[in-house]
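Quick one: dock chain against chain with the hints and give me the complex.
Protein sequence lines, in the order shown, are assigned to chains U and Y. Quick note on UniProt numbering: the first sequence kicks off at 1 and runs consecutively. Quick note on UniProt numbering: the second sequence kicks off at 1 and runs consecutively.
I should point out that these hints are in silico values taken from the structure, not numbers from a laboratory. Don't take every hint at face value.
In silico lysine to aspartate or glutamate, EDC-like type, Cα no more than 16 Å apart, as pairs [to be verified]:
{"#": "1", "chain 1": "Y", "residue 1": "K102", "chain 2": "U", "residue 2": "E25"}
{"#": "2", "chain 1": "Y", "residue 1": "K102", "chain 2": "U", "residue 2": "E24"}
{"#": "3", "chain 1": "U", "residue 1": "K57", "chain 2": "U", "residue 2": "E277"}
{"#": "4", "chain 1": "Y", "residue 1": "K4", "chain 2": "U", "residue 2": "D73"}
{"#": "5", "chain 1": "U", "residue 1": "K223", "chain 2": "U", "residue 2": "D213"}
{"#": "6", "chain 1": "Y", "residue 1": "K193", "chain 2": "Y", "residue 2": "E268"}
{"#": "7", "chain 1": "U", "residue 1": "K57", "chain 2": "U", "residue 2": "E25"}
{"#": "8", "chain 1": "Y", "residue 1": "K106", "chain 2": "U", "residue 2": "E21"}
{"#": "9", "chain 1": "Y", "residue 1": "K106", "chain 2": "U", "residue 2": "D73"}
{"#": "10", "chain 1": "U", "residue 1": "K57", "chain 2": "U", "residue 2": "D73"}
{"#": "11", "chain 1": "U", "residue 1": "K246", "chain 2": "U", "residue 2": "E256"}
{"#": "12", "chain 1": "U", "residue 1": "K120", "chain 2": "Y", "residue 2": "E45"}
Away from chain U, derived, C-beta distances all over 12 Å, residues of chain Y [as the list claims (entries may be wrong)]:
{"#": "13", "residue": "C5"}
{"#": "14", "residue": "I51"}
{"#": "15", "residue": "V54"}
{"#": "16", "residue": "N56"}
{"#": "17", "residue": "F65"}
{"#": "18", "residue": "I85"}
{"#": "19", "residue": "E163"}
{"#": "20", "residue": "L169"}
{"#": "21", "residue": "S194"}
{"#": "22", "residue": "K220"}
{"#": "23", "residue": "F233"}
{"#": "24", "residue": "I256"}
Derived CB-CB ranges, DEER-like [stated by the list, open to error]:
{"#": "25", "chain 1": "U", "residue 1": "F69", "chain 2": "Y", "residue 2": "G164", "range": "37 to 43 Å"}
{"#": "26", "chain 1": "U", "residue 1": "L304", "chain 2": "Y", "residue 2": "L9", "range": "17 to 23 Å"}
{"#": "27", "chain 1": "Y", "residue 1": "K264", "chain 2": "U", "residue 2": "I297", "range": "28 to 34 Å"}
The beta-carbon is built from N, C-alpha and C at its ideal position, and this holds for glycine as well.
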Amino acid sequence: MKEKTNGIKIITARKKLTKRELREERAGYLFVIPNFIGILIFVALPILLSLLLGFTKWNPMQGLQGIEFVGMDNFTDMFSDERLKAALINNLVYTGLYVPISICIAMVMAALLNRFVFFKIPLRLMCFMPYISAMVSVAYIWLILLNPEGGPINSILSALGMSNLPGWFTSSASALGGIIIMSIWHDVGYYMIIFLSTMQGISSEIYESAKVDGAGGIQSFFKITVPMMGPNIFFVSILATMNSFKVFDQINVLTEGGPGYSTNVLVYCIYHYAFKEHNIGYASAVAVLLFAIIFVISMFQVKLKDKVTV
Amino acid sequence: MNSKCKTFLLRLVITALVGIFALLCIFPFIWMVSASFKNEIDVMEFPIRIIPKVVNWNNYPTVWFKSDFPLYYKNSLIVTSVTLIGTMILSTTAAYGFARLKFRGKNIIFAVYLATLMVPVQVVLLPKYIYFGQLHLNNTFYALILPGIFSAFNTFLMRQYFEGIPYELTEAAQLDGANHFRTFFQVILPLTKSGLVTLLLFSFSWTWNDYINPLIYCNKESLLTLTVGLQRFQQAQSTHYALIMAGCTLALAPLIILFLFTQKYFIESFASSGVKG
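Isolated chain Y (complex conformation) (with noise of 0.2 Å):
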């Protein structure tokens, strides 16, 4: 056998066995979609059946129609748009002031961004509930919206971006009389494309997939989102696997969906987060 059959060879065994790893990453997600299509009895069947042996198609508008899916969509819908719309300018702005202006103080409000980093949410999860009980914001999306926005990781991460741009290009357009507002919008944010894409992937799937902050912030019924809104859901089904397996799967598929026309977006975001550090 030549080298280069060998080769072959060896990458095709290869593949094959990080093939196996990948389906093991996704059969969960697969099980799930063949449960929801699942009559209640034939969802436990051993030997286990992906395409199911009868289709029940009741699933999806038992769940939709006959609980509070609808209201959880709209929920995690609104307080997700409004925090990114929210994050995208204050976020921006804020980077642009401390990647590409000079002013007093600078170094100083900046380190207490820095300090905020450190300090993980589970750690004030009690004293922002009692803090936010004296500003009247809980039970109300202001108390997961607000946090959202005002993100110091998010400014942290465009200021990189902002960073890496040259300085000749800024200079230029400011000979050119633009002022720092028209630089800001005309010159740094179309050359930052690629950070704006990767703020919103980011604050997209952390809001949409956030589970603490509504759990205790903003728990009413009817302002649930869609991970609290699940929990629910699952607690009055109990033991009816398909119908849940079925809210589990409308629950994640906005963001999957999302994840699989923008994968490459997404991949190198989140890889070039953990480089960083």
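Same shape as in the complex, but just chain U (with noise of 0.2 Å):
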């Protein structure tokens, strides 16, 4: 129905447009067109060659001659590929934790600073440093952190009595905990800032109405705080899911998928397949890949929305 009047505005517009609206649509296209031109050629182009690519085997020693439509083979190939397995198996245990421990923290220590702390504001900064910090410095901090011969870490914990200590980025039972650890330290800042932001509009006469209630600390939490901040930790949550399946960085710092496969996830397997196997149609394909899961992500936002907010 919206889109019947704009069309018929449109039309009429088209009819008799007036010499200040003619103006206004000159001015419209110089302040756009510039930008346009090159969202196009840099953003928008890449994007749709992306989508052809994955169907196509390509040595790109051959030139453009040596591109070849190979239809859905790619795609079929990726049913036999152990690596991408891995990438995928590693990629849902990642989302797994990362996401819940994530939101858990920054939900809880959102509550507290919001009402209960002092010094709120320096806690507050202490709390995002890790979060504008590039991954690549704080990655090699890390690495030294949770070496395994010798590393603070690991001397606390066997200062705490703890024998049989992790190996951590050197080894694959224990390499990955290490990545979601430092990645959950490094974002966790983030979701708590939205999470206060959003906290902030809730009115204090709730809380107080519940405390005449007889209700504590604990109960209003789980009885005002979550209920009311529920599109936000949705929101929130859709958002880490998708940026963990666009992890990359510190994986190829520190670990570049191993030991073995176990840290190897799809962003770093199409990392592998384009620039150390020059295997370029595949690694498009799984870039292709990656591309319908966040879009599902996504649609599976844009769906819930509304049902959530209401």
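Printed below as a string of structure tokens:
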């Protein structure tokens, strides 16, 4: 219905554009076109290409003549690809731990920061500091912190009486765990400030009246804060899920997908196939798979958004 | 004990708890700075000593003068500043067109912007690499700057700020004879300072921290920016942890200093980026 009225508007506008409207239209094009041309060339076109390349086999040594369309071959090859299978499982494990743990910590910390603490501003600042830091730099700090031979974290663990210390990034049993811990540390402040800024919108009167009715802090967290934050928690969970499928920097810096396939994830798979094995068609097909996953998650968000917000 | 005293104590306990969490958040940074002033043999000492037993002042000069750090800094500064200036101009003008002007085809053009927002950079890495190769952009700063300047996200962001400005203001300016360019520069831009600050902080931190784009499109030794440069530096130093930590400190310092001085804007910008979606 809305589109229809728009259409009518456009038609009537075409009939008689006043001088003023013509001027406005010309200005509109002048303002938008320079940016739009850039977006087409540097952003939109590569996206279209990425879809096409997924259906080709291409050895870049032969130049553009080397492109050969192979239909769905790349996608059927995926079923027997151990590296990709490991990547999917790792991504699921990563998401399954990273998202709920980050969200829970962020929610609790936001609720505490919102109402119960002194020095709110400096504490908020400290929690947010990891997020603005480049992943590459902080990855190297963690590489040393989690060094299995005398690194501070293992030293602390052993001082606490733990034997059988994890080998972190050097062992396939704990490498993904190390990556997850580091990623949660890096991102949790971001999710926290999103929660915090929404929480500040909840009127304190609700808490006051709950207190009068005898609700304690923990009770009002579960009975008031969490339900009122529902849509926001949902939104941040989606955001965190999408982020978890895009994880790459820390993996390429710290483990290059290893030991074995233990920290191999989807984006690293794309990078590996494209730039280490020069298998361009197949890498593009994996990229299409990644896009499909992200697309489904964002559709999930669009579909459920209305249901949750009502 | 009266209830006022009780709430005070409760707040104190909770402040301590949140404080411990906040300390955990910044502990790696403290440890990094501390290690960067240590002798190599003291880096892994336990119990951990935050103030080094022997302060080693030589790590920073070594990093700065015996590696390519000055070059990485220069490259990062060039890429970041050109990207910032470019995107400030191009995304605000386009956003003005989308937010305030009527022209045919606007909805279709804007739909292209929204569609590109759906696709994360990680998906288009490879076609972009091939395509940029054809345009001879690989291993030039243009490969980083041009996609940074033409940003659908920035345009979208500024459009939201511009839409919030009351139409009475721009109409009044136009009745006074201002054309659209004057309206844009003299009415709209001065009214969206907070939006411009948000745009600036976002673009600055993304460009400065960007790793995957320089890694793929611009990895010639003389063109390395700080993130990939730091990786090369780490590979060359392997286990000289004190030097690596000095390098990390140097790489992180500009953004963290900017953050400490503008933390209110920083945090509000990032918080609102999350609420919007």
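To see whether the hints hold, each was checked on the structure:
Between the alpha carbons of K102 of chain Y and E25 of chain U the distance comes to roughly 6 Å, so the proposed pair stays at or under 16 Å and holds. Restraint check: the Cα-Cα separation between K102 of chain Y and E24 of chain U comes to about 7 Å, which is no more than 16 Å; the hinted pair holds. As the CA atoms of K57 of chain U and E277 of chain U are separated by approximately 13 Å, the hinted pair is consistent with the 16 Å bound. This hinted pair does not check out: K4 of chain Y and D73 of chain U have alpha carbons roughly 72 Å apart, beyond 16 Å.
Of the pairs offered as hints, the one joining K223 of chain U and D213 of chain U holds, with about 12 Å between alpha carbons and a cut-off of 16 Å not exceeded. For the suggested pair K193 of chain Y and E268 of chain Y, the alpha carbons sit about 14 Å apart, so the restraint of at most 16 Å is met. Distance check on the hinted pair: K57 of chain U and E25 of chain U sit about 45 Å apart at the alpha-carbon level, beyond 16 Å; violated. This hinted pair checks out: K106 of chain Y and E21 of chain U have alpha carbons roughly 14 Å apart, not beyond 16 Å.
Note on K106 of chain Y and D73 of chain U: the hinted pairing is violated, with a Cα-Cα distance of about 39 Å set against a maximum of 16 Å. Of the pairs offered as hints, the one joining K57 of chain U and D73 of chain U holds, with about 9 Å between alpha carbons and a cut-off of 16 Å not exceeded. At most 16 Å may separate the alpha-carbon atoms for a hinted pair to count; K246 of chain U and E256 of chain U meet this at roughly 15 Å. The straight-line distance between the Cα atoms of K120 of chain U and E45 of chain Y is roughly 34 Å, outside the 16 Å bound, and the hint therefore fails.
With 12 Å as the threshold on Cβ separation, the claim that C5 of chain Y sits away from chain U holds: the shortest Cβ distance comes to roughly 15 Å. Distance check on I51 of chain Y: its Cβ is at least 15 Å (rounded) from any Cβ of chain U, clearing the 12 Å threshold; non-interface status holds. Taking the minimum C-beta to C-beta distance to chain U, about 18 Å, the non-interface status of V54 of chain Y holds against the 12 Å cut. Even its closest Cβ contact with chain U, about 16 Å, leaves N56 of chain Y beyond 12 Å, as expected for a residue assigned away from the interface.
Listed as outside the interface, F65 of chain Y is consistent with that label: its C-beta sits roughly 20 Å from the nearest C-beta of chain U, beyond the 12 Å cut-off. Distance to chain U confirms I85 of chain Y as a non-interface residue, since its nearest Cβ pair spans about 14 Å, more than 12 Å. Non-interface call for E163 of chain Y relative to chain U: holds, since the shortest CB-CB distance, roughly 14 Å, exceeds 12 Å. Distance to chain U confirms L169 of chain Y as a non-interface residue, since its nearest Cβ pair spans about 16 Å, more than 12 Å.
Remark: the non-interface label on S194 of chain Y is consistent with the geometry, its nearest Cβ contact in chain U lying 14 Å away (cut-off 12 Å). Listed as a non-interface residue, K220 of chain Y keeps its Cβ farther than 12 Å from every Cβ of chain U; the least gap is roughly 15 Å. For F233 of chain Y, the shortest C-beta to C-beta distance to chain U comes to about 9 Å, within the 12 Å cut-off, and the non-interface label is violated. Not every beta carbon of chain U lies more than 12 Å from that of I256 of chain Y, the smallest distance being close to 7 Å; the non-interface claim is violated.
At roughly 48 Å, the beta-carbon separation of F69 of chain U and G164 of chain Y lies outside the given 37 to 43 Å, and the hint is violated. At roughly 42 Å, the beta carbons of L304 of chain U and L9 of chain Y sit outside the given window of 17 to 23 Å. At roughly 32 Å, the beta carbons of K264 of chain Y and I297 of chain U sit within the given window of 28 to 34 Å.
Going through the hint list in order, the structure does not satisfy hints 4, 7, 9, 12, 23, 24, 25, 26.
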